[in-house]
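A.B. asks: Listed here are the chains, written in short residue letters.
Number of protein chains: 2
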Amino acid sequence: MRIAIDAMGGDNAPDEIIAGVLESMELLGENDELILVGPQDVIESQLPPVKSHKGAVRVVHAPDVISMDETPVESLRKKRKSSIAVIAKMAKLNQVDAVISAGNTGASVAAFQMRMRNLSGVNRPGIAVVFPTFEGPVTICDVGANIVCKPLNLYQYGVMAMIYSKHLHGIENPRVGLMSIGQEDAKGNEVVKKARELMKSDPNMNFVGNIEGRDIFNGICDIAVCDGFVGNVILKLTEGLVDGLFKAIKHELMTEKLKLAMEFKPVITRIYRKYDYNVYGGALLLGINGTALICHGSSKSRTIKNAISASKSFYTEKINDKIVEYLSQTSVRTDDESR
Amino acid sequence: MRIAIDAMGGDNAPDEIIAGVLESMELLGENDELILVGPQDVIESQLPPVKSHKGAVRVVHAPDVISMDETPVESLRKKRKSSIAVIAKMAKLNQVDAVISAGNTGASVAAFQMRMRNLSGVNRPGIAVVFPTFEGPVTICDVGANIVCKPLNLYQYGVMAMIYSKHLHGIENPRVGLMSIGQEDAKGNEVVKKARELMKSDPNMNFVGNIEGRDIFNGICDIAVCDGFVGNVILKLTEGLVDGLFKAIKHELMTEKLKLAMEFKPVITRIYRKYDYNVYGGALLLGINGTALICHGSSKSRTIKNAISASKSFYTEKINDKIVEYLSQTSVRTDDESR
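Chains A and B are the protein sequences, given in the same order. Counting in the numbering used here, the final residue of the first sequence is number 339, and the numbers go up one at a time with none missing. Counting in the numbering used here, the final residue of the second sequence is number 339, and the numbers go up one at a time with none missing.
No lab work stands behind these hints, which were simulated from the structure alone. Values in this document were obtained by computation on a predicted structure and should not be read as measured data. Please note that the accuracy of each hint is not assured.
Derived CB-CB ranges, DEER-like [unchecked claim]: (1) B/E135 x A/E23: 30 to 38 angstroms; (2) A/Q329 x B/T334: 44 to 52 angstroms; (3) B/T316 x A/L258: 38 to 46 angstroms; (4) B/D276 x A/K257: 21 to 29 angstroms; (5) A/K78 x B/T334: 31 to 39 angstroms.
Ideal Cβ placement from N, Cα and C applies to all residues, glycine included.
Here chain A stands alone, though its shape is the one from the complex:
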């Protein structure tokens, strides 16, 4: 398997990206190859001169860099030789089997969608993020690829996340919830209400109905389906709240008992590690014709290693084939052609 990695993506690039690639050597089989994409001189100056890497790690030159705060579409148009544009093109030309970027999310999603195209039967791709909760992993889709969703998009997010969760998290019959503002049928906006009907009508989906924000953390679902606006707010709110809460705990501990704070520190560290979504190696762009992972801008080498591992599983388990097969056989159809 050939995996292209955007060497210039994220706040810690290229150091942490390259470190992540080197740490991943142990994951590679005989036919696996990691391809670092970015300015050749920059990457090579940081690659240790170890002969044994030569076989499995390769560098592809891409001189341009898209920064984290550039406008996605415009930056792609201007910087055709950016690492993001180049890995997307390599995927299109079937020169690689998977692409990974911790760079500008908007630019990555736009480039992958434009070059790799959608899977057969999928109307709009969605970004799936896994929240490691106290009750187990919960997959949330979409967290930002598709801001304005049609009911069919939401249904398909449910299908794709279900197949992903089943085969990559080993959850036999994942429970799919639809994010709304109350559990009753009548709750939600028109799109949610129609999506609910589509999901209910699929006998092969273990649909648990509407869920509310709190239900992500209380163990009643394995999948939370929402549009990309709501999903993005959920993702970032969770980050901000966890940080804020630990800051508050630290503050309380420090102001009174330094000893207690010291004792509590390893507990916090353990919780951070246990509930760290970096273990899932970033977010999968589901519904794209290929394997594409989008990592957090703050990714460290460990995240990149996990992303490489996740892309291998996704590819090996043939998740995309399973999605195409499911959607070709589903009885769920919609009258709405403008999807």
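On the provided structure of chain A, position chain B as indicated by the hints.
C.D. replies: Quick look at chain B alone, frame taken from chain A:
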């Protein structure tokens, strides 16, 4: 001031509601009166036979009870003598100056909107909730009154929350943020983009631009404006995540060191108290022609007491007059008549 309280609202009614009313006696001035509304026999059997209460606490009979999970509109139609319907009618007839309910949120909002009508110049009321964050109180509006918003609704939520925050939290020039999925102008759906233009065009609003989910907790804004769907997800997600995280911490502490867990317990209690949104006594329905507070279904006596206190401040500070005045003078207009 006359304040009507739904005695049958919430999971702990009527016990905690009545207890909250009794605890509030110390807040009352000479001309203040608390009116408990619900089945007379039930309430009176729980009211202690203390003569001194007679002057300030009164009971108004309302035989019907709307339960927490009933459909709002239908339940109001069927149960015209429910405590919620009766307090809303009392407000309409100017028999009371404020209404408070910890009951069925949907039914309360519907009844208050229907009976009390909107403030002059306000197109749609919004529910404002205060999050006590590490960096200070942040007011979020709307958290569920208005699921599908027009740009003008979002602008008006900003105005109302700004006036509320200034006069009730003492924040001189509240910073207003618009919830979106990125800070750039181009981010967000069409409604958010148009709302952004309206907010930017108001020279009297301290508008800080788009905010993301994480920004609620990092001190860059005092107000977060969003539609009721997104706001409701934020509210419930926050509840669920805080509970889940403390559960995780407790679990980690218990599995290793019981002693550490015991030492940490008061810290958790202190944090819960410090960041407890019950101190704000529930959510204000902003934009209604009157003073209406909606409390959490799990409200305890303390919440009710705080709600009574909040309703007094809201009324005394003449927040509604200030909102009407601001909106009558704003230069911000919209072409869209279908608001």
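A.B. asks: Take the hints in turn and mark each one as holding or not.
C.D. replies: Going through the hints against the structure:
1. B/E135 x A/E23: 30 to 38 angstroms: Holds, since B/E135 and A/E23 (Cβ atoms, about 37 angstroms apart) stay within the stated range.
2. A/Q329 x B/T334: 44 to 52 angstroms: About 47 angstroms separates the Cβ atoms of A/Q329 and B/T334, which means 44 to 52 angstroms holds.
3. B/T316 x A/L258: 38 to 46 angstroms: holds, 44 angstroms
4. B/D276 x A/K257: 21 to 29 angstroms: With a Cβ separation near 22 angstroms, B/D276 and A/K257 satisfy 21 to 29 angstroms, so the hint holds.
5. A/K78 x B/T334: 31 to 39 angstroms: holds, 35 angstroms
Every hint, counting from the list given before, is met by this structure.
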